[in-house]
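*Asks:* Take a look at the letters that make up each chain.
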Amino acid sequence: MFGLELSFIWAGIIAFAVLVYVVLDGFDLGIGILFPLAKDEGERDVMMNSISPVWDGNETWLVLGGGGLFAVFPLAYAVVMPALYMPITLMLLGLVFRGVAFEYRWRTERWKRLWNIGFFGGSVTAAMCQGIALGALVQGIEVADRAYAGGWWDWFTPFSVLCGIAVTVGYAMLGATWLNMKLEGRIQRQMRGIAWPAGIATVVCMVLVSLWTPFLDEVYFGRWFAWPTALFSGIVPILVALAAAGLFFGLQRHYEKRPFLCAQAMFVLGFIGIGISFYPHIVPPSLTIVEAAAPDESLAFALVGTVILIPMILIYTAYAYWVFRGKIDPAEGYH
Amino acid sequence: MFDGFSAELLARFQFAFTVSFHIIFPAFSIGLASYLAVLNALWLRTRNETYLTLFEYWKKIFAVAFGMGVVSGIVMSYQFGTNWSVFSDKAGPVVGPLMAYEVLSAFFLEAGFLGIMLFGRKRVGPGLHMLATGMVAFGTLLSATWILSVNSWMHTPAGFAMNDVGQFVPVDWWAIVFNPSFPYRLVHMVLAAYLTTALVVGAVGGLHLLRDQKNEAASTMFSMAMWMLIVVTPLQIFAGDAHGLNTLEHQPAKVMAMEGHYDSHPDGAPLILFGIPNPEEKRIDYAIEIPKLSSLILKHDLNAPLDGLDTIPDDEEPPVAIVFWSFRIMIGLGLGMLGLGAWALLQRVRGRLYDTPMLHRAALAMGPAGFVAVLAGWITTEVGRQPFTVYGLLRTSDSLAPIAAPAVAASLTAFIVVYFFVFGAGTYYILRLMNKPVPVGAREDLRDEGPIRTAGITPATQIKARKEDGNVRA
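Taken in order, these protein sequences are the chains called A and B.
Numbering of the first sequence is given in the working numbering, commencing with residue 703 and proceeding in unit increments.
Numbering of the second sequence is given in the working numbering, commencing with residue 815 and proceeding in unit increments.
Only chain B is shown next, with the shape it has when bound in the complex:
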């Protein structure tokens, strides 16, 4: 299946494949764990049955997603050794303790309290059950913190020295943990996880509103998700911009690839909106550009000079086309999220959040957008780091384990087959859980079957909307 590929390329495929699968689940479970904690707290405070119903509904989905995250995460933790043993030997003294802290402080916390959160409501008091739910949520955030510290250190290494056998040796742990890109990356990732979950919750809420506009649980989750979207998306755009500026400072080659700047621009760089990277000729074909805008965004000065990839040695250039495209996918989806959030806010202000089927349909369509954006963002940052594992210091080709290509090919094939089978089934079960109706009474304000409010809308659209609603139900 993989004849003619080098062991390095196969190991990179394997890592990219397993990490891409893995990241889907934390991206979802970080946000969902917090959501469950909020729902549980709201239930305890208000004793409103809707919150308990929603907690029980999303708990099942969380359990399946968390199970997949755990098993795919265990695979990741061993893959450093099996396929990247030279990296493990050299960078282990720095990144190893951070990963050990992740296991000790976060992974155990999540796994230890998960049982009580899932099975223990009747066995412990409400306070302890709330504590367990909170600990699971806290654990997911703590886990993200350590893992992103490790990942960021590989992008912007700091606080180390080299010893005589070529290992990275820690000198200043504060500088290692809080390396220059860590705060930006952490905020960007956690917000991405919250957005991803908000989009999924919004999609499920939208789906059930399309079937029954009066379903109170569906209304509640849709409303909560849309609030989340309109609050977090602008924050995320701001955080992403700050992260980009940080990347320009520490990993300029990555930004050049993201922006598609093959050439240097001594007097103001244009923003390339679209185009097709042409790696052979080292230019962007069919580029649609806005003059000077790239300099304005990146340097806050229309005429600021901006270096291009022509200032980087060829063997240090990241694969431009992949980074260029994945970056645009992420940005495009981010703008889509902003649009959805703004639309929902507008309808909310008009008092029509729950009876605008077009909006619910749009939310449903945007359900997977968070996952795609997270993956695109990871591809941007990880492929943009190439050809290094530790940026500027340790090359990917020098990080590889002494493993023969057929061995990596065999395990890669096994991972692909097993992952598609196992996680395909899991995704199917999650989708089926999401498709199940939320068992709860109707919203008070719409319970009486009086005349439909017509303020601000024409009867024609109302009829059309109802018709579509009927189609969906059928």
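With the rest of the complex left out, here is chain A:
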């Protein structure tokens, strides 16, 4: 009776988890991507310390996205993971290097450079792979008999690589605007300078992806260009343009918070744009949200706790950010 409603509620929750992941871990990964640009180890220290207390929580949303998919859309999970076997595995290995760098970097002098490279390389790899996985999902996954039926290299196409680049430069933009907000002095000025090309590159990538996507699938094309849905869909690019304008204006005026918030808004809008293309599929073009959903008993059981726990998580996550608010004190840290 509630099957339809429950599976759609869950699709919304998973989408929310992935969005929160992108919003939170995006600038985290961006800092890794920007890591080699710092002048010296002292600057790298403050860059890393600007996220050290919160990155663990940020990354957990990725586990919720994957774990949630497993819990309530097991068929989608079972189809997507083998289809994206290589990018997912590479992303995980990238995250391994990046995650341990947070601790190891402070534990050694001789090998510090190695963990700097690990932090940078892991972040770039993870960002690229996330974009490629997204692109591969958007362009469609072949399914037969409740299993992935495509080839081993299907995920690797010009479109997915473009998405990989888009996510990487976008994360760099988020990281640069975050550091503009959290740091001071030379490094802040440098990051403000870098936010410009990163922002421009992100806008270019978003335009390219947006122009390409409708031609991947008739459904997408209809969603974006058929009347009257085009009216609603058209709002998204306009808002993206406004957010981008806010970003560049804020950078020019040396605002600290606004560029970061505008950059985040660009990501949220891009995410909504993908959602417009996707609906009502969870694995286009083969599986819809309803088809991939677990039985109602699973959806209802998991939902009860989720509606209680997610607000609690958001509250204590916000509290942790509040505790570590303001500019980074170069002398602080527990190491």
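Source of the hints: derived by calculation from the structure; they are not laboratory data.
Since we're looking at a predicted model, the values are computed, not measured.
Even for Gly, the Cβ is constructed at its ideal location relative to N, Cα and C.
Straight-line distance between alpha carbons at most 20 Å, and here's what the computed EDC-like set of lysine to aspartate or glutamate pairs gives:
hint, chain 1, residue 1, chain 2, residue 2
1, B, Lys874, A, Asp747
2, B, Lys874, A, Glu811
3, B, Lys1250, B, Glu863
4, B, Lys936, A, Asp1031
5, B, Lys874, A, Glu1034
6, B, Lys1250, A, Glu811
7, B, Lys936, A, Glu1034
8, B, Lys873, A, Glu1034
Cβ pair distances, simulated, as ranges:
hint, chain 1, residue 1, chain 2, residue 2, range
9, A, Ala851, B, Asn1249, 48 to 56 Å
10, A, Pro987, B, Gly980, 18 to 26 Å
11, B, Leu1049, A, Lys741, 53 to 61 Å
12, A, Lys1029, B, Lys1250, 29 to 37 Å
13, B, Gly1206, A, Gly853, 34 to 42 Å
14, A, Glu844, B, Lys1113, 54 to 62 Å
15, B, Ile1051, A, Pro982, 52 to 60 Å
Under 8 Å between C-beta atoms, here's a sample of chain B residues computed to sit facing chain A:
hint, residue
16, Pro907
17, Ser919
18, Gly1240
19, Tyr1243
Guided by the hints, dock chain B onto chain A, whose structure is given.
*Replies:* Coordinates of chain B only, in the frame set by chain A:
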């Protein structure tokens, strides 16, 4: 590197390899998180600087171990899909929500409060810092609870039905979460985590006592660890025995493999202490047995009949040799822990806990024993479940993703190389942190350099002990 292996075997290798690496860190961080919470609470209560010093000392070690646990855990959460997608599709409706609850209730809690625990002492009040430390510890325990519920359900499935596409469908969530082996497995694992940590803390305390018998922080951690050992080891033996009886009830084939009973024993089974399993001939070579003891332990009756693997179809028989050996390793190490705890208790009663270098050396040697025992225990229970992923219902060979062997081989190779490199480095950093002296003053009772107490010991051993102490220091 892996030519000639099937995709199934490679996927099993990969899972076994990554889960074995992963389990090391939770086994350590569950106990260490609780230890840190206790130290922090003791510091707040007594304002004794030693507790704060110990908290700061172990906090750094915890942070490195926790970081490794997080990243290896993220790998695990995705591997269900990449390598075992058919299992994910079929069992997902039951085990998926439990794993989602683990993330929502436990993982977020640990990760969210970890930052405040590590970096926030100066930014929040002592009460909130204590709360954060407690939440991290609570999160690790909650995490273990959910994960062991999932794992136990795969061993003793309950509360489900099958639908027309072959999925396990939940019917009774209470029965699923509290499935028959869950309470036993949870208690056994949490106690194992506490023992593992106690052994590590004891080893570090022992190491620093060998260097300086008067180091107060070293004395405190050694004493706390030895108390833990003598209290928890007997509990663990009791819990392990209860778990074994539960396994006999629900997974008899596993117990047959653990005990090495290839043949049925209609009038009382012997306990095989040692021997070499011979899978071809289906017998234990060179067995050293105690007649009737296996029946007494498992059925509390000397003459109770006990079935052997000859009652199980060949294609449902777990790999006997692995289970047989890993079980004996676990038991042997458990007895070693009991011995160490008892010895420490004896020396404590004699008032010589801090000046018995042999004891400190033994504690140092036993430092890694918890990890080995945990791994051996996991191998026993997981290999003993084979050839099933969901016991009796879903075969491992039917759980596999449609992935080509070369792909699994490539990712397996990558995981092996990366894990040995990354976690090897992490282990090295942890060992180096542990090797650092604990910065704290000397114990009051030994601070004056008066005559060495000689009650109950001969001067000769005293001199010898001091000499060895000197060697260690050098």
